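Single-letter residue listing:
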Amino acid sequence: MKRVQFSSPYLPYVFLAPQLAVIVIFFYWPSVQAIQSSFYLEDPFGFGSTFVGLSNYADAFASAEYGRIARFTVVFTGLVTFFSLSLGLLLAVKADAVIRGNAAYKTLLISVYTIAPPVAGLIGMMFFDQHIGPFVKIAAFFGWEMKVGLNYVDTAFAMVVVAVWKQIPYNFIFFLSGLQSVPVSVREAAAIDCRSGFRRFWTVVLPLLAPTAFFLLVINITYSLFDTFGIIDVMVKDKAANNPITLVYKVYMDGFRGNDIGGSSAQSVILMVVVFVLTILQFRFIERRVHYT
Amino acid sequence: MHKTRFFDHLILICGVLFLMTPVVVAFMTSTHTAAEIHSKGLMLSPGGHFAETYTTVLTRQGGFTGQVTGARMVMNSFILGVGFAAGKIILSMLAAYAIVYFRFRMANLAFWIIFTTLLLPLEVRIMPSYQVMTQLGLINTYTGLIVPLLASATGTFYFRQFFKSVPDELLEAARIDGAGPFKFFIDVLVPLSRTMMAAIFIIMFVYGWNQYLWPMLMTTDESFFTLMRGIKSILQVWIGSQIPDYNEAFALAVLAMLPPVLIVVIFQRWFIKGLTESDK
Amino acid sequence: MATIDINQVSKIYTGGVTAVRSVDINIADGEFIVLVGPSGCGKSTLLRMVAGLEVISQGAVRIGDRVVNDVDPADRDIAMVFQNYALYPHMTVYENLAYGLKNRGTPKAEIAERVAEAARMLQLEPYLERRPRALSGGQRQRVAMGRAIVRKPAAFLFDEPLSNLDAKLRVSMRGEIKRLQRRLGTTSIYVTHDQLEAMTLADRLVVLNGGQIEQIGAPLEVYHTPASTFVASFIGSPAMNLVKGDLHGDRLAIGPAMFELGGYAPASGPLTVGLRAEDLRIAREGEVSFALRVDYVEELGSQRLVHGTLGDQPLTAALPPETALGDAINLAIPPDRLHFFANETGKRIGNGLPAPTTPAAERLGAGRLVAHR
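Read top to bottom, the protein sequences are chains A, B and C. Just so it is clear: in the first sequence, position 142 is 142 by the working numbering, and no numbers are missing. Just so it is clear: in the second sequence, position 267 is 267 by the working numbering, and no numbers are missing. Just so it is clear: in the third sequence, position 80 is 80 by the working numbering, and no numbers are missing.
For reference, chain A alone in the conformation it holds in the complex (with noise of 0.2 Å):
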């Protein structure tokens, strides 16, 4: 930390106590209640709840449909990360190499990153609605006849574009801004060294490039996990059955829709667990940065 602090009995206590406040009270306590009702099953009508044990658990984990989610999951995190990824990353070389209407580009590729992920629902929505989406006409133009909100692969297939569509501008940021960061000086050594463009990128540009997608790759999978509650509840119109859906609405859906509080508080604390192997994951990454530079 600092050379020199200041020191005071009190002080830094109070500066510390409404945050530390705020994190108790909606953080810890919601967090131990988690852990703590996934242990229980709840009466459905609120007449107490008794003690079972890991069954909550077994069940999840037993459950046919829990298993169809966590593979829908899994390949739906897969695809919007790879793709919002190197996309991202296409464009931000793009536009690192152009140099007239450099700011333009930047601009216009940014502004999406703020639309809410509902708000990228609905508008996806649009371009695959039956009666008036572009997509589904283009799409039945090649034979193919799109039913989104009804048949499961067509609904995933436009819940990955909406989610890959919201993605790519928050890479393109952090890719333009590793991708600038890299020294002139490098660049020209690497020019000297080596004539062709791609194999410079490959070889010089990219390795000095792994440390941000290193980053983004794991930000982006909890983006995949987490943050795409909103398109997906706007897509499914909360409408489960036949579509597909990940884990995180189904926590949702069995806690609020089904009102099965321990299993739904169980698969919160399996999904704890993941983003907890991820976070250190990025943790020690940070760390690793912190030496480097």
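Derived from the structure by calculation, the hints contain no laboratory data. Quick caveat: nothing in here was measured; it's all calculated off a predicted structure. Don't be surprised by glycine CBs; every beta carbon is placed ideally from N, CA and C.
Estimated spans, in silico, between C-beta atoms of each pair: (1) C:116 with A:25: 52 to 60 Å; (2) B:61 with A:138: 37 to 45 Å; (3) C:131 with A:256: 51 to 59 Å.
With a Cα cut of at most 27 Å, we get these calculated BS3-like pairs of lysine-lysine: (4) A:2 with B:273; (5) A:237 with A:137; (6) A:137 with B:40.
Using the hints provided, position chains B and C relative to the given structure of chain A.
Here is chains B and C on its own, set in the frame of chain A:
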């Protein structure tokens, strides 16, 4: 080596089209009538019903109880965005100040208590959070809408990073100049953090404005609905109607994305700086 | 104005590392003291202990007649100039200068007066409304000085204030600092790793190494009678040649070269001999001399540095620019210019040979050098 090639522009233009077309179409379509949209599909050119549609969306008493107007939802979204951003900056600046600039025994513990919150996003603990809010009687209040969202470390993390990058000598010079903890904070640190505060304000405003799941659970009273919540209800009404109000849905979407998009485009430099330099 | 007494001061960090070990310095009122040494020698730590920015682990620091160990930096009546200036970037030059006075509750009129005076002294008047960002490095440095001056403190503390400036600016700012300190007569402690800066600024030098004082003395005293091989190699440029020698009675052997010390025999057996490059000269006909095999030459314009070997030991001689050179040259050195150091401790042995009395040497010795000759 810096020769710009035709292909670079082509790819960029495709990218821009892919990202921007839906936004433009959303706006253009919202200026046509629902019947027109229903028969002709999405629009790429402006129609003549801009004023009409937006006036309706902003002023018509909608919802099941007929209490909420679009304007009310815009206001609620603003309250959420601004309240969240301001609260975040105040709480996290104070906490980061204590952690970075004070020597005290619980510093490490406090650090970990705060930073553990980075581990679990709200979506994962949504059910118990809702129960806690019910127990506290905070459903359908602005407090319940805003304060629980503040229970995360992101802002504290940003400010901690920033404070650490402030040269040590500045504090030393200030101490020799006779500044105590309050004076140093007000006279030196806050003015120095202005750019950082602006950047975080923008990021947090957008984050607050875009909240969906939390407001959806916290507000059953329609006078507390935000725009995001409104989008959900417009879709619920939609099901089963003959000609859905496409124009109004699009208008609502445009209203919901306009403020954040404008802010980010106008304050682009701060925004990018805040995002990329502190998110790491 | 005040004296500063540093009494048996040590700094021991929590990990057990000792950064400063039992340092004693008594600084007279108005004296300009320079702490010099390589990085990590503890000079900055010592200064920061005087400033109150580091806790004093052992010993006492006295400013005037007050022990200040537990006094807040703001109440020690000192001002500090930092290496990176530490100007408040969001305040104008005027506000930067006034901030310390404002915090002390100085009346507005007096603040204005003192800032105006400092600005005049430092030629900062045209820049008072500017932000530090809009100033050049030298101007920023002057603002940092000004911030110290307006306070009229008992002592100035300088922490490598010139090392962020380019070489030319450094020389002129050096002069400015010296002049200002003379004019104000304020007791000053100045930390630097640059021996030239130390030599030119100091009334007295404190050479530090590994947290300990190697030598305290006036610049010329330190230059002419370095107390150890460390000081010998640190003060003076090019660094003093240090070679292995053997003393038998008054006969000194350095590799193949032999010197007669005319009855002077401070020690006997192997020792380290110091020869300043600028004391070496081309031997005259018939003089006691030794041969230097020339490796390469550096031209400095005013002189040429000849690098070569004496036996198997490297040696550098600073010779007049017109000197004729070959593969080998014959060099001589007056025996009274030889320095002797113990091999094991590196400490100086004896005070050197008494110089032959000449009018020139007497004039030279009439000043500060009289004490140690």
